[in-house]
Every structure is written in C-alpha cells, then in structure tokens.
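Make a model of the complete structure from these sequences and hints.
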Amino acid sequence: MIDDRDELIERVARSLSPLPPNNSRAKAQILAAVRARRARAPRPWTVVLDWMRQPAFSVASAGLLAAAALAIGFVTRGALATLNEPQAPLASSAGATPANPNVTAIPAANTPAVVRAVPVPITFDSPGAKSVAIVGDFNDWDGTAAPLTRFGTNGPWTATVKVMPGRHLYAFMVDGKLVVDPRAPHARDLDYGTDASVLMVNTP
Amino acid sequence: MKQNIFSARVTACAAVALLAALSGAGAQQGVQSERRITAISDDATRSVVIEQLSLAKESGLPAGAMEPLMAKAMEGVAKKASSKSIRSAMDALQKRLRKANDLLAPSPTAEELSAGADALYVGVPEKTLKQMRQAAPRRSIAVELGVLTELVARSVPAAKASKMVLDLMAHGATGAQLTAMNTAVQSDVAAGLTPEAALDRHGRGIMSLLPPPPAVTGANHR
Chain A
1 MIDDRDELIE RVARSLSPLP PNNSRAKAQI LAAVRARRAR APRPWTVVLD WMRQPAFSVA
61 SAGLLAAAAL AIGFVTRGAL ATLNEPQAPL ASSAGATPAN PNVTAIPAAN TPAVVRAVPV
121 PITFDSPGAK SVAIVGDFND WDGTAAPLTR FGTNGPWTAT VKVMPGRHLY AFMVDGKLVV
181 DPRAPHARDL DYGTDASVLM VNTP
Chain B
205 MKQNIFSARV TACAAVALLA ALSGAGAQQG VQSERRITAI SDDATRSVVI EQLSLAKESG
265 LPAGAMEPLM AKAMEGVAKK ASSKSIRSAM DALQKRLRKA NDLLAPSPTA EELSAGADAL
325 YVGVPEKTLK QMRQAAPRRS IAVELGVLTE LVARSVPAAK ASKMVLDLMA HGATGAQLTA
385 MNTAVQSDVA AGLTPEAALD RHGRGIMSLL PPPPAVTGAN HR
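Note that the protein sequences, when read in sequence, are chains A and B. Heads up: the first sequence runs through residues 1 to 204, numbered per our numbering. Heads up: the second sequence runs through residues 205 to 426, numbered per our numbering.
Certain hints may be false.
Calculated Cβ distances over 10 angstroms to all of chain A for the following chain B residues [as the list claims (entries may be wrong)]: (1) Ser245; (2) Lys283; (3) Ser292.
Residues from chain A that face chain B, not an exhaustive set, calculated with beta carbons under 8 angstroms [as the list claims (entries may be wrong)]: (4) Asp142; (5) Phe151; (6) Leu178; (7) Val198.
Rather than coming from a laboratory, the hints here were simulated on the basis of the structure. Heads up, the beta-carbon is just placed ideally off N, CA and C, and yes, glycines get one too.
Put into structure tokens, the structure is as follows:
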C-alpha cells in the first residue's frame with residue numbers, strides 16, 4: 001500500500017516537472033492588454049460617480065450637469081406629451097356633444113384626474129374656396145395652425161383639431177376672411193363686433 | 205465628510221433635474237406665444253399685447269390666465285380690430301379672469317379660468333361660480349361652466365339657469381348630459397319655445413334619470 005502511494009507521487013512529480021519556462025513575450029502581451037483596458041474611456045455612470053466622490057466642486061461640471069438636466073427635462077416632457085395624446089378617433093364613440101351639429105367630438109381614453117384635449121373632426125362646405133382654416137380660442141386664432149383639406153375635387157373641407165373640453169369660440173378663415181359656421185350657434189362679440197361660432201366639447 | 209459631499213451632490217443633481225423638467229412646459233409655451241406676438245405686423249398692436257401680458261403677470265394672475273388673454277389678443281388681430289379695442293378687450297378680460305380665479309379657488313385650470321371669465325361676461329352671478337366649485341372641488345368644471353354660459357347667452361334667465369345647472373351637478377349629471385340638455389334647449393328655442401320653458405322641460409327630463417343626491421350627514425342628524 002505504501003509502495004503504491006510512493007509510485008503515484010513519483011508519477012505526479014514527473015508530470016509537473018516539465019513546466020514551461022517564464023515566457024517574457026507572453027508576459028508583455030498580458031501587461032499591454034491590462035494597460036489598454038485601463039486607458040479605455042470609462043463608462044458614463046462611472047464618470048458621474050467619480051465626480052460625486054471628488055472633494056472639490058466645479059462650476060463647469062455643475063453647468064454641464066444643469067444643461068444635461070434641462071435637455072432631459074424637455075425630452076421627457078415631449079415624450080410624456082406624446083404618450084398623453086388621445087388615440088385616433090373612433091367612429092361610434094359617444095360622450096362629446098358639440099353645439100355644432102356638423103361637428104362630432106370624439107372622446108379619447110382618459111384618466112379621471114387629467115383632462116386632455118379631444119380630437120374633433122371638422123367639416124365645412126365652401127366649394128369655391130381656395131383655402132380654408134379653422135381658427136379659434138383653442139389655437140390662438142392662428143390661420144396657419146389648422147388648415148382644412150378638401151375632400152375630393154368639390155367636396156367639403158375637413159380637418160381634425162384637438163380641443164380641450166368646454167365651450168369654445170371659433171370661425172373659419174376662408175381665403176383670408178373670417179366666416180362663421182352657418183350650422184353652429186353664434187356668440188355675440190361685444191369686444192370686436194364680429195360674431196363667432198360656438199363649439200361645445202365634452203369631457204370624454 | 206466624503207459621504208456628506210456625495211449626498212449633497214446627489215441632492216443637487218435631483219434638484220436641477222426637477223427644476224429643468226418643471227420649467228420645460230412654461231418655456232415651450234413662452235416660445236410659442238413669443239412667436240405669435242412677433243408675427244403681429246402692426247407695431248401699436250404688438251406693443252399693446254406685450255404691455256397687457258406684462259401687466260397681467262405683474263398683477264399676479266396665474267400662468268393659466270395667460271392662455272385666454274393671449275387668445276383674446278390674437279382674436280382681435282384676426283378680426284383686424286384696432287389696438288385700442290384690443291387693449292380694452294384684454295383689460296376687461298384680465299379683470300374677469302382675476303375674479304374667476306378668486307371664485308374658482310384654490311387652483312383653477314386654464315380652461316376653468318377661461319370658462320369662468322366667459323360665464324361672468326354673459327352675466328352669470330359670481331356666487332354661482334363659487335357654488336359650482338364647491339359642488340365639484342376635485343374635478344374640472346369647464347364643461348358645466350360652458351353649458352351655463354350658453355344657456356344664459358341664449359336668454360335663459362341667469363338665476364334660473366344657475367339653479368338648474370347646480371341642481372343637476374348635485375344629482376351627479378355628467379358633462380355630456382348637460383351638453384345634451386343645452387343642445388335640446390337651443391333646438392326648442394329655435395322652434396319657438398321660450399328659453400325658460402325649454403330649460404324646464406329638458407332639465408326636468410335629465411333630473412328624472414338621475415339618482416337623488418347623497419344624504420348630508422352631520423352633527424345635527426338624528
């Protein structure tokens with residue numbers, strides 16, 4: 001038994017003895033690789049953490065951080081606004097009843113706490129017009145904000161505008177001139193003397 | 205010490221990010237308004253609009269009130285009104301918005317402010333706005349105010365219209381039901397019925413569909 005064990009030790013010793021000599025080329029390669037790894041640009045979060053750990057406060061770095069935060073703020077708000085936009089109109093939805101019988105306000109998915117703009121399909125008959133836009137308190141009476149497009153060659157002018165629930169005053173700008181909607185109730189304007197049409201939009 | 209610096213900087217980062225995010229909407233809106241103001245071709249009108257908006261800000265009107273003010277100014281521009289008319293209209297609206305802001309406290313939305321100012325414009329009593337806010341303190345009442353404004357603008361007596369809308373709100377009528385009532389009243393008036401009779405008819409009709417308001421419980425309730 002003891003003899004057998006000695007023989008085994010002898011075999012292990014024999015197999016271990018021919019270890020390769022110290023390879024200086026391999027060692028240089030390994031060290032070069034380690035140096036290259038250290039020289040590589042650190043990850044962004046590492047930079048931020050390092051900055052936070054530095055004992056001195058740098059105005060330049062604070063300014064850069066503020067600029068980055070502003071950019072993130074704007075981008076995030078834009079993304080959230082897009083997410084909050086109502087879905088495309090559904091033909092048979094109910095819940096919004098405009099004062100204009102020609103206009104059907106279509107509600108969008110909503111949460112109880114947040115009131116969102118509702119997409120309202122608009123139509124207007126004016127066969128001879130060259131350009132038609134809807135202007136109102138919902139778009140600062142801006143003639144370029146909501147142009148209508150003609151349906152076919154001589155069809156009605158149509159558009160969909162997003163309007164917050166409530167009562168709104170509007171008019172059509174036909175070839176640069178304001179025209180009230182003949183199919184909607186009118187509101188008397190004591191300020192400027194030109195009446196407007198009334199649009200009622202419900203909370204979806 | 206090192207840990208204190210670390211936490212101070214983390215807090216600074218969070219504060220800067222929060223301020224940036226909060227300022228985002230205001231800045232975007234400001235840019236849009238600025239674009240609209242610079243697009244006003246008439247110098248006198250442009251000066252009036254800038255002056256009135258500045259006055260509104262200085263007087264402490266909330267940011268939400270700037271939207272209807274801007275819309276009123278641009279309505280005047282679209283209607284080719286004189287700078288004098290625009291100043292007068294913006295000044296009058298500013299006063300109504302301030303009143304609406306007080307009556308619809310604590311934090312009316314831009315739409316509520318605009319709707320409240322419109323309601324006051326057609327002659328809705330001030331106390332009605334206060335009562336409507338009390339009836340619905342946690343949701344927007346822009347639609348309800350709009351319906352009331354329309355009813356009064358169509359010659360329904362303000363007191364009667366106010367009572368009907370408040371009663372319907374107390375019974376839990378939805379904005380859609382109120383709007384439907386308004387449309388029906390207008391149809392009846394166009395068909396020859398008096399505004400009062402039309403409101404009675406359709407107001408009662410909607411009321412009959414609603415459950416009674418919840419009982420008020422209090423110390424004297426036995």
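Verification of the hints:
A cut-off of 10 angstroms between C-beta atoms confirms that serine 245(B) is not in contact with chain A; the least separation is 13 angstroms. Not every CB of chain A lies more than 10 angstroms from the CB of lysine 283(B), the least distance being 4 angstroms, so the non-interface label is violated. Interface exclusion of serine 292(B) from chain A breaks down, the closest Cβ pair being 7 angstroms apart, not more than 10 angstroms. Proximity of aspartate 142(A) to chain B holds as hinted, the smallest CB-CB distance being about 7 angstroms (cut-off 8 angstroms).
The interface hint given for phenylalanine 151(A) is violated, since its Cβ lies 25 angstroms from the closest Cβ of chain B, which is over the 8 angstroms cut-off. The interface hint given for leucine 178(A) holds, since its Cβ lies 6 angstroms from the closest Cβ of chain B, which is under the 8 angstroms cut-off. Checking valine 198(A) against chain B: minimum C-beta separation of about 7 angstroms stays under 8 angstroms; hint holds.
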